[in-house]
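Protein chains in written order, with the working numbering: chain A, 15 to 319; chain B, 15 to 319; chain C, 15 to 319; chain D, 15 to 319.
Simulated from the structure, these hints should not be mistaken for laboratory data. As the structure is a prediction and not an experimental result, all values here were calculated from the model. Please note that the accuracy of each hint is not assured.
Label-pair restraints from in silico Cβ distances [claimed, not checked]: (1) E143/C x S65/A: 54 to 62 Å; (2) N17/B x K145/A: 44 to 52 Å; (3) S244/A x K312/B: 19 to 27 Å; (4) K112/C x G89/A: 18 to 26 Å; (5) N22/B x I232/D: 37 to 45 Å; (6) V133/A x A70/C: 21 to 29 Å; (7) N22/D x F73/B: 29 to 37 Å.
By construction, the Cβ of each residue, glycine as well, lies at the ideal position given by its N, Cα and C atoms.
Listed here are the chains, written in short residue letters.
Protein chains: 4
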Amino acid sequence: MANIIIKNEDYKYVFSPYVEPVARVAPGEEVIIYTEDAFKSRIKTSEDIPSKALAAVKFLNPQTGPVYIEGAAPGDTLKIEIIEIELTRDYAVSCFLKNFGGLTIEGLTGEKVWIWKLVDNKKSLYNEEIKIKIPVRPFFGTFGVAPELEAISTMAPGPFGGNMDVPDIAPGNTVFLPVYNEGALFYIGDCHAAQGEGELGGVACEITAKTTLKFDVIKGKKISWPRIESKDRIMAVGSARPMEDAARIAYAELIAWLVEDYEFTIEGAYQLLTQVGGLYVGNMVDTSYSLVASVHKKYLRRVEI
Amino acid sequence: MANIIIKNEDYKYVFSPYVEPVARVAPGEEVIIYTEDAFKSRIKTSEDIPSKALAAVKFLNPQTGPVYIEGAAPGDTLKIEIIEIELTRDYAVSCFLKNFGGLTIEGLTGEKVWIWKLVDNKKSLYNEEIKIKIPVRPFFGTFGVAPELEAISTMAPGPFGGNMDVPDIAPGNTVFLPVYNEGALFYIGDCHAAQGEGELGGVACEITAKTTLKFDVIKGKKISWPRIESKDRIMAVGSARPMEDAARIAYAELIAWLVEDYEFTIEGAYQLLTQVGGLYVGNMVDTSYSLVASVHKKYLRRVEI
Amino acid sequence: MANIIIKNEDYKYVFSPYVEPVARVAPGEEVIIYTEDAFKSRIKTSEDIPSKALAAVKFLNPQTGPVYIEGAAPGDTLKIEIIEIELTRDYAVSCFLKNFGGLTIEGLTGEKVWIWKLVDNKKSLYNEEIKIKIPVRPFFGTFGVAPELEAISTMAPGPFGGNMDVPDIAPGNTVFLPVYNEGALFYIGDCHAAQGEGELGGVACEITAKTTLKFDVIKGKKISWPRIESKDRIMAVGSARPMEDAARIAYAELIAWLVEDYEFTIEGAYQLLTQVGGLYVGNMVDTSYSLVASVHKKYLRRVEI
Amino acid sequence: MANIIIKNEDYKYVFSPYVEPVARVAPGEEVIIYTEDAFKSRIKTSEDIPSKALAAVKFLNPQTGPVYIEGAAPGDTLKIEIIEIELTRDYAVSCFLKNFGGLTIEGLTGEKVWIWKLVDNKKSLYNEEIKIKIPVRPFFGTFGVAPELEAISTMAPGPFGGNMDVPDIAPGNTVFLPVYNEGALFYIGDCHAAQGEGELGGVACEITAKTTLKFDVIKGKKISWPRIESKDRIMAVGSARPMEDAARIAYAELIAWLVEDYEFTIEGAYQLLTQVGGLYVGNMVDTSYSLVASVHKKYLRRVEI
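Extracted from the complex, chain A is given alone in its bound form (with noise of 0.2 Å):
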């Protein structure tokens, strides 16, 4: 049972350390917070023209936070562990903006609005227009804290998370982000109801939410990138231009931690992910591309023949 609640409307539009908390929480509770889409609900119908719509919005992809956690301070890891994700709408938004998006054939990159129906009791998505029925695979875009220094986009992923748009960052997975700031300030919102690997379009099933966390501090433990461990995978991301540094980072955070926590040395641990390391693309379409490396812990144990 969640005891804080935040459903704070004063939405931001950079990871700062230059606001005030909107909430302050200590480690182990359960907390509940709700989000706005990437468009801030501007977006409703497949009538809708994303130009028009978003006319006199400056600034898009609002984030709640920053959330203050207790005891967290620089050199620290913030631990989130994603306990639920309950989506608010009954429907999805998807569109084609202008020259926006992985791919810019003409035709594809003029404006369209795809709106995504909540069915089969919130479980799958579907469009009316191609007939197709998907699963709902709800996750954050965006998850990240305050850099130490710079104030950025939430447009724009990086070492501090962020808009990464990276479909682990789900529930029953825990996520790590390095911590810059006293009490972390960590920001999230532009949950996904859906998004393939690499956001296409550049735009997913956006979808308002509520979700509950529970954050928790490592205390003296450094991180350079964010890191994700599901049941059974362990994951780093890296986010950056071209895609493949953002390759590179993200097999070099997760060599770290194999020698950090498993025993391997950088050789061994670069030999192994060499032949069973996973490797997907999360997006193709911010401002830098974020790139997920992964090893199935089955093959962290060590066996004797």
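Following the hints, put chains B, C and D in place on chain A, whose structure we already have.
The following block gives chains B, C and D in isolation, referenced to the frame of chain A:
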């Protein structure tokens, strides 16, 4: 039962239209082909030093071929079913080479051989140094046809296939390649007993092999980049630098496939793949990087609600 | 004669709208500003070891500012004439830092300090180890305004200017920057006594300086990226990764300039720059790369034949 | 007085070691070579529509060659003095092609032919639509030798030279290329009457030409990438994607040159080029981008102070 056995030791180091075929096969016949490993088996033990073992070698990645497929002509598509891969050695070889691989961290880019023994009745690979056991998942790193006018190094992937290092070129799957020349002129080699996504260190579990393939020709069907079909998914491979261009190519080819064979508009395919597409890295180490875009076939079925 | 002297030692490490101006100046006034070098003068001799000299340092590239320019408001353009740069030390410092620089060849990426003495009445630089004399060509590596909502590291270049490392930010030239905040909030630092195109090793001839500037505000004039005008040429600076995106930005901004001020159509400007545009690399080592597109003014004159 | 005239109309579309030479020349002889333009003169007036004029065309960029240079053998360097370029038409052709060029802004990537007339006794080019006159500065966009085993499209630049589109392949300059085959097998074409750095729109002022060259062979001298010497500067050309890799290659090759011929250590060369190197973009539109790193010869002289 395969009628034709190709065990030609006149290995090739370019995908070339300028050499004589080593065999001619008819569509529909099963064909057995033997392949060398990427180092032509010159590296054998963990005591070997790659730069010495390869000192006299001018070219790497020997290919068997070209195989002439009767009836294939420019503008057709070559369809290849990979029926079986049998590993013909009791160990696979990986190594770190000087100034090669996805990461060039000091101390990682020195030389070192890693021997992975085949164990569990060739179902697993085991390395004694890190004491880790991983599953055998054989596939061909290099798999392609001759380009039209060019002769391209067997280190390179491209529209013609080639050194893609994509783990889905595997038994049970069917590969589609564009045909540029009479007879298609098919080349194969570089079997990997296992490889992670990205082939991080640059060298997978390299091994000799014997494979059974069945070729077919789709007359008058023109594709632009390699396509793969598995039981569950359809996939397209893009190869380019920087990596984001490979991603764009792969998804654009997959959109084309959805439009041609699954009754999608370009826009509908683009939207669907935005929400459920898969995108993983095959290699991040070759002369071009190869990415695989895919979609589960169950998301291609129309549903009325 | 400059009326205002800014010699503020409260150096800044982000281009930020969240701090108080160190001075307020009126358009048209000449202003003298003192700047530190990129290492805050912590490296002084060829015996210094950069990693030790900088061990206690959290941030590099200290900037003087922000300077509030009266009358500047969001949507305006800030015009800065660089009247003079006086070098305030008798030597400049370059160095090789660990894992930094355009090339990371073994043996090049170790640490080493290079001292360049000012000789010939501060007209030349001389290094005793390689015994080479080169001309002093002073310019500011870092030169920018605060972004609208973000606070960005002074290691980074961007639409706001910043750490572009572009040798044309030099005496005699005029720089134009977009204004995002009331007062523009101008920052300056990182003087280079000389620097090649690309700033190959990552560290130019770094030096302290005293400069004379004159600010003006072009009301209601909106530009997207930094522009520079010299006696002969007009130029635009693009900063991005990969480098080709910086090139595209720079040329697109230059096309915009030709359309706005020189009576070209977009098509005509695009064609002209294809035949006579200049495109050099400012830096290939910073968090984004900066390229400069330019055209000689004599090619902008209409001729009847 | 040139003894040999090569006016062969059997144009080539790959840099290939698999075809017969069109001529054999001895080192030291002056040779006159005629070349076609990149479109084989199929585009002639501003009324032409490129996609129609080129509809029947499979390959672009016809080359004259290969020319066999007596005595050249693998591992040597081919030295080519460009003595003169005579333009053999009274107009040059540029155009916008669909989905081609450095910028793909809507409305810029449609089709359009631009005719540049030669005026002022072939010293200038004039376009009637924009009414601008620019100087004739002829050079060869494509200039290379056959690779060792590969046959590469004449649209591509590489270590062998090729379609670099580098304005310093010009009269008065000397070009050095690696030799991979007996006789070197030299190819030339794609003369440009003028071209800006980057060749922004993708098509320069394309023209037919007659050139006078003198070949020489430097026995046993091995270089890795093309080098150019002008009266004042030495230069190296790197070609790759993304663009930063082309920059790294170019500077690394230039460092090698300083070490081999000018008594620098690698470190000293690296430092010097950091402070006085030049780095411009040749092309940002071909299959690989080409950058030119250079240094003025006066900065290579040792000075005692």
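Structure-inconsistent hints, enumerated in ascending order: 6
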